[in-house]
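All residue numbers for the sequence shown refer to our numbering, where the first residue is 32 and numbers rise by one.
Heads up, some of the hints might be wrong.
Taking lysine to any residue and the SDA-like style, the derived pairs with C-alpha atoms no more than 20 Å apart in a straight line are [claimed, not checked]:
no., residue 1, residue 2
1, Lys276, Lys167
2, Lys665, Glu634
3, Lys505, Val195
4, Lys800, Val195
5, Lys505, Asn555
6, Lys350, Gly314
7, Lys800, Arg436
8, Lys167, Arg783
9, Lys323, Arg312
10, Lys407, Leu41
The following label-pair restraints were derived from C-beta to C-beta distances [unchecked claim]:
no., residue 1, residue 2, range
11, Arg362, Pro401, 41 to 49 Å
12, Ala414, Arg743, 28 to 36 Å
13, Leu56, Tyr403, 16 to 24 Å
14, Pro754, Glu46, 53 to 61 Å
15, Glu170, Gly352, 48 to 56 Å
16, Glu287, Val457, 43 to 51 Å
Don't read these hints as lab results, they were simulated from the structure.
Think of the CB as a built atom: it goes at the ideal place given N, C-alpha and C, for glycine as much as any other residue.
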Amino acid sequence: MSEMQQPWSLVGLTEAEYRRVVEILGREPNPTELHMFGVMWSEHCAYKHSKAALRRLPTRGEHVLQGPGENAGVVRIDDDLAVAFKLESHNHPSFVDPFNGAATGVGGILRDVFTMGARPVATLNSLRFGPLDEPKQRELLRGVVAGIGHYGNTVGVPCIGGEVYFDESYRGNCLVNAMCIGILRPDRIHRGIAAGPGNAIMVVGNPTGRDGIHAASLLASAEFSGSEAEAALPTVPVGDPFAEKMLMEACLELFETDAVVGIQDMGAAGLISSSSEMAARGGVGVELDVRKVPAREEGMEPWEFLLSESQERMLVCVKKGREAEVEAICRKWGVGCAVIGRVTDDGMVRVLDDGRVVAEVPARALAEAPVYHPAKAEPAYLAELRAFDWSRLPEPEDWNETLLRLLGSPNIGARAWIYEQFDHMVQAGTVLGPGGDAGVIRLGAAVAPGAHGLTRQPPGEGLPGRSGQAGPPKGIAASVDCNGRYVYLNPRRGTAIAVAEAARNCVVTGARPVAITNNCNFGNPEKPEIFWTFDEAITGMAEACEALGTPVTGGNVSFYNETSGEAIHPTPTIGMIAVHENLDRLTTPGFKQVGDVILLLGETRDELGGSEYARLIHGVLAGDAPALDLAFEKRLQDVVLRAIHEGLVTAAHDVAEGGLAVALAEMAIAAAEPSLGCQVSIFLGEGRVDGQLFGESQSRILVTATREQVGRLQALLMVEQIPFRVLGDVTADGRFRLAALAPGSGSAHVYRRQELIDLPVADLVRAHKEAIPRWMDA
């Protein structure tokens, strides 16, 4: 029998891992036990190739109440409120079945958050696809967006933001990363733990079927060869968002009692994952009878009950004698529930089939898979790409056309075609929805502390401060960010940039970043070049989080994003949470009024590496990622926050993809009135004009200030040693004018003016608006 036909290989184990299982048990595992180890030791569940590297991430901070290791991280907002949040992937299922894969990704992340005792108040998403001129990619995008909208809209949680990129590297593996934010009381956190021998183990939610069996070990923990997509279709579970809504309300009401000891979402690897992890955390054992699990199908084997990934299910450890209370609450919400076992004191996961023992394994052995330290090797392509000679690229003859092409790129243009399919106003708490730098929700409009957890509060009411009096309206800002091209060119710096930009996007709204979650999307970690990239990315993430004071509260690693040996660009997506102390000072990117002065904070360098301009206009991905000074980034963000909260700024916008010209155009597109435009000038040094216009130098923020306040703003910037330039003014003619000033001959104080871009703002709006619809609605 070949290795691929061995029973252990059929469940995803290696021969060495199988030998270790035999050593742990002191005998050969039976078929049920083999399936249990197969899923629990899969990459998706065990993080066996990434765990050692992840330990380098900073996880402690003054706001952190729950770090990595639970269903979601939790940070304190004030004495009354905390935020639970998490970012996770559903990449492989979404490539196989875009609608159901994306929908169940949303369902899973919602459960991760409300399992902590938090009411979900917002979602975000981070998506990657191949080029939109390919029908397959349009089909994937259409299905994924429909799935996200169907699930989130039905449950009634607003989608307040997200990001999407289209690149050839994602052609064979789309990425679907979903983030959820929930609100809870700091003293009401619930965890995935089993404790108290004799306490009941109950399953709450939908009946169990055969859907999703071995999805964690054989779908999400292996790369595609090109043919698996069709063959694996039945392994993608189907979600029921209405059942999720009822399950969520039932769980939140259960938390108002003290009957619940611990609770865990039955997600990847289903019942065996939730039960063994809860037991291992509590240092106890569990005894489960699979025939007591409500079944949707007949004739299911014990291992099928254990591995099923049927959606909308929870495993709950309930105090002995309180089972009837749980049943009554579930009955009220139309949610199924059943007692399927009990907590034991022997540390074993014991599985019964109608009273007959069919598996007996130490809980800790299932939860503690082998940890690997893969070989690392710097990819050979890096030296070649970094040696690229930028002087080979001709500069455009028509700067107007170049700007319009960039605004019309699906990587820069409006995402309205996507987010208009999502309800971003449900719950009445959204202050800034999709389309800006970050999404923002008003805390008082969603939920507020009550006697037994969280209760509804009318929109617009302030939250009580420590004194008990209403204070300024508070909010939470959130963003998701990563530029995979930067990480491809420089994994360490590119990942640090992702953290910095996620923070910067929150800062320009007036919110102070407090913590991150992450979703590391990479190729096969068993390839030295891939693992080197991952390891470098983790180093960059750690450095940026330390510098910016944003600890990591948890996340997800998605490896094996490859098809036929071709890996995606490394994409360590960052989900940032920030606290807005006063929404009366909320800042948005659009120009506000005629006469406001436009300033650029930070320095522009001649940096085209990884830029959208280089890729779109010249077909080049080369060079190095833009430089990043983390100490300066922190100073810049702190000063901008101070300026916003002192009322010195009327608009603020991060300079990102497309560079300075695109960021200015975006401010004009988002202007308060369509008649507003701008007249700006940039100063040229010895570098390229396109580098000044479209290079993507980091740590830059555009702001506007009234003529009355601009002097105070400039004084603050000079005191804090933040380099800045006054670029121009907001105008009333509805045109976007950008000129270049170059040193003239004969005098350092004489400048030669060259008009580069002169376009109606309406043309910018049109190009930006049609970036995605021109492909999807054709």
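Against the structure, the hints come out as follows:
no.	hint	verdict
1	Lys276 / Lys167	violated, 32 Å
2	Lys665 / Glu634	holds, 15 Å
3	Lys505 / Val195	violated, 28 Å
4	Lys800 / Val195	holds, 15 Å
5	Lys505 / Asn555	violated, 43 Å
6	Lys350 / Gly314	holds, 17 Å
7	Lys800 / Arg436	holds, 12 Å
8	Lys167 / Arg783	violated, 50 Å
9	Lys323 / Arg312	violated, 24 Å
10	Lys407 / Leu41	violated, 28 Å
11	Arg362 / Pro401: 41 to 49 Å	holds, 44 Å
12	Ala414 / Arg743: 28 to 36 Å	violated, 48 Å
13	Leu56 / Tyr403: 16 to 24 Å	holds, 21 Å
14	Pro754 / Glu46: 53 to 61 Å	holds, 59 Å
15	Glu170 / Gly352: 48 to 56 Å	holds, 53 Å
16	Glu287 / Val457: 43 to 51 Å	violated, 23 Å
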